[in-house]
Structure formats: structure tokens, C-alpha cells
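Both chains are given apart, each in its own frame, so use the hints to dock them into the complex.
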Amino acid sequence: MAIMSPVSRGFHRRRQDPAENAGRVPPGQYVTKDFPVLSAGPTPHTALSQWTFSIGRRGQEKTWSWAEFRALPTQDVTVDIHCVTKWSKLDTAWQGVSVDTLLELAGHDGPFAMAHCDGGYTTNLPVADLTGGKAWVAYAYDGQPLAAEHGGPARLLVPHLYFWKSAKWVRSLELRDTNDPGFWENYGYHIYGDPWREQRYAGD
Amino acid sequence: MAGTALRRRLIWQVAKVSAVTVETASVRTLTLDVPDWPGHQAGQHLDIRLTDEDGYMAERSYSIASAPGEPVAITVERLDDGEVSPYLTDELRTGDDLELRGPIGGYFVWEPEDGGPLLLLAGGSGIVPLRSILRHRDRTGSTVPARLLYSSRTLDDVIYRAELDQPASGVEVIHTLTRDQPPGWSGYARRVDAALLAEVAWPAAAMPLAYACGPTSFVEAVSQALVQSGYPPERVKTERFGATGGT
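So the protein sequences, as listed, match chains A and B.
In terms of the working numbering, the first sequence opens at residue 545 and continues consecutively.
In terms of the working numbering, the second sequence opens at residue 1176 and continues consecutively.
Each hint should be verified, as a subset may be incorrect.
Computed list of lysine-lysine pairs in DSSO-like fashion (alpha-carbon distance at most 30 Å, straight line) [what the hints assert, rightly or not]:
hint: 1; chain 1: A; residue 1: 577; chain 2: B; residue 2: 1412
hint: 2; chain 1: A; residue 1: 633; chain 2: B; residue 2: 1412
hint: 3; chain 1: A; residue 1: 678; chain 2: A; residue 2: 577
hint: 4; chain 1: A; residue 1: 633; chain 2: A; residue 2: 577
hint: 5; chain 1: A; residue 1: 678; chain 2: A; residue 2: 606
hint: 6; chain 1: A; residue 1: 678; chain 2: A; residue 2: 633
Derived from the structure by calculation, the hints contain no laboratory data.
It should be emphasised that the depicted structure is a prediction, and the values quoted were computed from it without experimental measurement.
Chain B with its partners taken away, still in its complex shape (with noise of 0.2 Å):
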């Protein structure tokens, strides 16, 4: 299978953003009319590129939140010093262009053939690529089983958190909020660690399929963790970014 997803040279194109969604205060979805977009598997990314008025051009890679079959759209977490995030979160509007070219990747992903049970770990917007997977083995009926872990800092910064609240049979969400929690909450509290994911993940012996997508510190925390406890590395796939990963 390697290689063969991408073969088409990747030809930057204007999509319009044909809608804008809030996901939390500093999360925004963009879904976009891409004109001739081959299509994507579940994890993979796209390179968008901007233009001032001086010709000057910055360009970044996002996750694509979608699933193969529906309308491209990616998840932008605004980061303050960024020159590119804040530009998507608080100036992009339905209707404005967006050149981009994609999709990119083709090892951080899934398919209902590559089975499971899966086992996805998300820290903050490393979300994105495992809300496209979840939505994918959902609409292909796959019925794998998944569990999803995501840490979080406080329940508002939960991305997709309606969506997750309901989450399609077979697949258990598992929430850890970090820095704060609303009176009452009964879910893990802490970081993602050796302990919690002793309690959390599926044993080994089960031959999981592991998916692990945030800061550099989440992933090579639950990374090393999942491959202690008997994980074959090559069933754990990672993807890090970086303080400045998408900016």
C-alpha cells in the first residue's frame, strides 16, 4: 500500500470557505469547497499558503478534520505570536479564498481493513486527525472498536465536544482535563501517564492499533508508555507538532 495514495503531483488550487464554525474560544473549523480535490484518507494533512499584498507568502500544514467523502474542512487553533493561525481563527470568512494543495501523508492513517481495536490518544488539537479516523470508521460501519483518550486543559478547550458526547456505537470517549475541572466532573484529572493508560488502553494482548497526535511532550509520553507495556512500536503511530508546529 505505501506509496500509492500519492502519486498525483500536488497542485496548489483557491477553495473557498464555505463555512466557519466555533469549536471553543480559540478553535475554529473552516470547511471548504475545494474545486478539484482528489480525495483523502482519514489522518492526513493539507498545506495551505498565504499571500499579502506584497506577494509575501507563508505556508503551514493542517490535520484534515474531515472524513474521506465529506467536504475538506481543517481545525485551526489560534496561537497568539502566529502569523498564519490568527489570520484562519478571527479574519477568515464564508466566502473568502484559500489556496491550498493536499492531501499529504499517507502513514498516519486508517482504514477499516487495517482493523483494531484502536486505540487513539489526543492532546489538545491533536484531536483533529483522530475526530477524521472516528468519523471515518463511522461512516463506513466499521465496527472496530476504538477508544479515544484526550487530555485537554479545562472542559472548554475540549474540541468537537458535542460530537464526542455522542459518540457512534462501539467507540468510548475518555476525557482528562488537566489544569482545571468544573465542579463535579467525574473524569481523570491529570496527565497522561503510565497509570492512566494502564487503566485505559486496550491490554497488548489484543493487538492493538494505536494512533497518537498532540504536543511533542503528550506523544512521546504515551508513545514510550503504550511500547513499556507491550505495544509493538509499529503499531503505534505518532504525530507531534511542536510550539511552533502550527502557527
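Bound-form chain A, shown alone (with noise of 0.2 Å):
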């Protein structure tokens, strides 16, 4: 099925990672220094106030302010990202509340889950990849608060997947009975998104 992929004439490779990068940086990624960022819309500016969690399925969804789910259980992750534009970061330092923990104080279970943000972004995931301290609603990178280009207030962070996964400005995660493609997912991105599997688009 593939093609044997010509040699690229002239092509030298110019980036060497450093070895203690081995093992680390998915087929097809390399890695920045920088951290781009990469929205469809403008980036919204939610009031703290305004500011509210929820999870759970529809109609049945425990909901945290602000204030409430900052006196959550805090974790500090050091995790690597993989953004399918190619790029990937090393030991980006977070700190969020386990989506473990969400669940489990929501009391709910479902086998999928619809991330919704503000601005309208969507993205779906399996709730297998939520769990297992896989997956956190991360508030602060680096020490600071969670910049708004960033997805501050807080963002979805499920650093195995590709980043598209891991939504900004993230308001509630439903629980689904059913796998439904979100955003970028629509638009032909890969309904898994498994940076190690290169799953980019539909199909791959």
C-alpha cells in the first residue's frame, strides 16, 4: 500500500536531537523550543466569575465554580505534548486536577466523553484515556497561570494523544454512549489521534 518514499534530492537532515531525546518524539514530530499556539477562532476571555466545570452526562452533570474547583486535589505534571502540526515539546510543567478525580467525585461513568470550550470547540475522546492519571484539567503551565492563548483558564491535558485532544478554554466534559467526532475531527483529523500511530487524518 505505501509508497517507498524517494529520497528527497539534496535533502540533509539538520536537526540531531539530543540523545537523551531518544524514544521520546513521535515519527513525523520534531522538537521546539517555543510554544506555538494554534486556534480556530479568536481566544475567548472567561471572568473567573463567569468560570464553571462540569462532567457528567447531559442533564446530570456536577459542576464546580472557580473557587470550588480550585480547592480541588492538585497535581503537578511534567509531561511531553505532540501538536499534529509537527511540532513537540519536552517536560512541559503543569499543574491541573486529575480528570480521575473529577470523576470521581461526579459519581459518573460513560465510555466516551465530548470535551466542550468556550468559543465552541469540541473535541471526543474515549473516557479509558481520561483515566488512569492520564489526563488532567490544567490550570498553570510553568508555574504561572494558564495564559488565555494557551487555553486559560484552564485546559484539557492528555499529553498522549496529539494536542488537538487536549481542548483549551475547556468548560465540561459530557459523558457519551457513542464515539461522535468532534471539531477537528469533522474536519477529517483522526478520531483517536495517537501521535505513535502518526494518526493525523481519517484513516491513518
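So, in C-alpha cells, the structure goes:
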């Protein structure tokens, strides 16, 4: 099926990842020290007094205000992130509330989740990818409140999937029985998005 | 419409470079002969993949510069510390192979039935997908009024300058040169901000459709200013690239 990639005449590798990065950069990715911003629309700015976070099935959500959310147990995590636009950033430091904690408190279960965000963005994930210490609702980056352009006041952080799954400005996780495509998934991006299997686009 | 544009699997294929056009000192347009191109929408991008003799591969995304129905073309700015862009701008020649797949993306796109008036905001090489939109507008005979506000560092950095100097009927092109202006320059000479947009942008009451593409700082500034002036956020489509976005 796959074609043999022809050698690009005159092309020479310029980036040599240091040895300690071995095994940390998925195929087709390159390491950047910047933190690029990619969003489909204007950056929303929701006042913390208006901000809530909800989780659960539609109509049965558990909802926290900002103050209640910030009173939940938090975790510090340092993870590598991988954007479908080809950059990876290693050792990014976040603070957030584990989705395990949120689901436990909400007392809900369901096989799939749709993240809903300010600005209308959505993305779908299996709940199995949000539990077991794999996902957070993060509100701080590098020791500082998360900047609006990077998804503040809070974003989903699911580092083992391409970063479009780590929805900025997240406001709820709606639990569902079906794995319906979210925003980019509807525009042809992969329904699951595993960077190690290079699942960038539908059919990959 | 969501999701209808892109359902077939995106398969890598080998295109041939059919022309290399010098746009500026650091920018080239590569016109490509793609054997099995499914067609694209104005505003979409494609992925290219380079392979060296050791099998090492580098992938990057580039906006499509040509209109639907035209030969596929990408416009690439050389970033000196990049791995891919210097190869594309300096090494690649007519007749060379280039592996690619696409088209990709379906949100930052425009079709005549989307209407307008159109406000196109370009920072630097962010002009590329907006140029595809303008050409598509022209080729489809659309009479939707369009304004392009294009921010460049200097006049020599303006991409597609000759083409933009001859805009189609109903298209206004407004330049701002942020770093250096030639003698006698009568256009804008500052960064795009709310005050400049207030002079140039369609009023929100006209229900315009805005597309902003450029560096993050540019897109953040212009999109915030438009929303504050009353543009509904869903009528402001953005595409941002960071310092590493197109290397």
C-alpha cells in the first residue's frame, strides 16, 4: 500500500535530537523550545467569576465554580506534548486536577466524552484515555496561571494524544455512549489521534 | 458542510515541481504537478515530507497558495534555522520530486456561497491562504466585496506584490509596512491595532466574514480587536503560526 518514499535530492538532516530525547519524539515530529499557538478562532476571555466546570451525562452534570474547582486536590505533572502540526515540546510542567478526581467526585461513568469549550470548540475522547492518571484539567503552566492564548483559565491536558485533544478553554466533559467526532475530527482529523501511530488524519 | 470536504484517506504521493517562482528574497512559490490531486478548497493546506539518504524524514505543513482548479502551489518562506524551508526555497528545482499529501483542514476555508463582505488580514507569509481565497473569488466570478489588510516589514517583503497591485474588481488591498517604508510611502506604517482596524475594517453591522492569518501575536491582536468592535467570534476565522510554525 504505502509507496516507497523517494530520497529528496539534496536534502540533509539538520536537526539532531540529543541522545536523551531518544524514544521521546513520535514519527514525523520535531522538537521545539517555543510554545506555538494554534486556534481556529479568537481567544475567548471568560471571567473567573463566570467560569464553571462540569462533568457528567447531559442533564446530570456535577458542576464546580472556579473557587470550588481550585479547592480540589491538584497534581504537578511534567509531560511531553505533541501537536499534529508536527512540533513536540518536551518536559512541559503543568498543574491541574486529575480527571480521575473529577470523575470520582461526579460519580458518573460512561465510555466516551465530548469536551466542550468556550468559543464552541469540541473534541471527543474515550473515557479510558481520560482516566488512570493520563489526563488533567490544567490551570497553570510553568508555575504561572495558564495564559488565555494557551487555553486559560483551564484546558484539558491529555499528553499521550495529539494536542488538539487537549482542548483549550474547556468548560465541560459530557459523557456519552457514542464516540461522536468533535470539531477537528469533523474536518478530517483522526478520531483517536495517537502520535506514536501517527494518527493525524482520518484513515491514518 | 462540516466533514464533507475530507473523507477520503490522505495518501502520500510524489509530485513534481513544475515551476519555482521568486516572490521575495526569502520566499518562493513552488508549483507542483500532483498526479492524483482530489481538489482543494481555498484556505486549506497540505503536508510535505522530505527523506534523506539515511531514511530520515521531516514533515511540515504549508498553506496552498493556488485557487481550487489551478495547479497546486505552495509558497514557502525560508527560516534560516529551519530544516525544511531552506531546502524548499534554496535547493528544490523544477523537475524535482516532492512527496506530499492533502488537502488538509476545512474550517479556514472560503466558498462564494459563504458570502461576505470579506475582511482578509495577513501578517507576513500569512498572506498565502488568503491569496488562494482572493484568486478563488476572482475565478468563480464572485462579486462579494473584499478588503485585504496586509502587514509586512518592508516593501521588499511583500509577497505576490505585482498581483496585489492589480486587484480584481471589488477587491481593495491595503498595505502596512511596519519596519521600513520607501520614500514617499503613503500607506500605513505601523502594526495593525484596534485604531488601524477601525479605519480599515468593514463595520460589524455589515456582517463581514473575517480571516486572519499570520504570526500568533498578529492574529491575537487583530482577532481581539475585531471581537471588541462587535464581530461575532464565529465570523472571525484564524490561522496562527508560531516562530517554528513553518520551518
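Here is how each hint holds up against the structure:
1. 577(A) x 1412(B): Cα-Cα ~27 Å, so holds.
2. 633(A) x 1412(B): Roughly 26 Å between the alpha carbons, so the hint for residue 633(A) and residue 1412(B) holds.
3. 678(A) x 577(A): Holds. Residue 678(A) to residue 577(A) sits at ~23 Å (cutoff 30 Å).
4. 633(A) x 577(A): holds, 6 Å
5. 678(A) x 606(A): holds, 21 Å
6. 678(A) x 633(A): The hint holds at about 17 Å.
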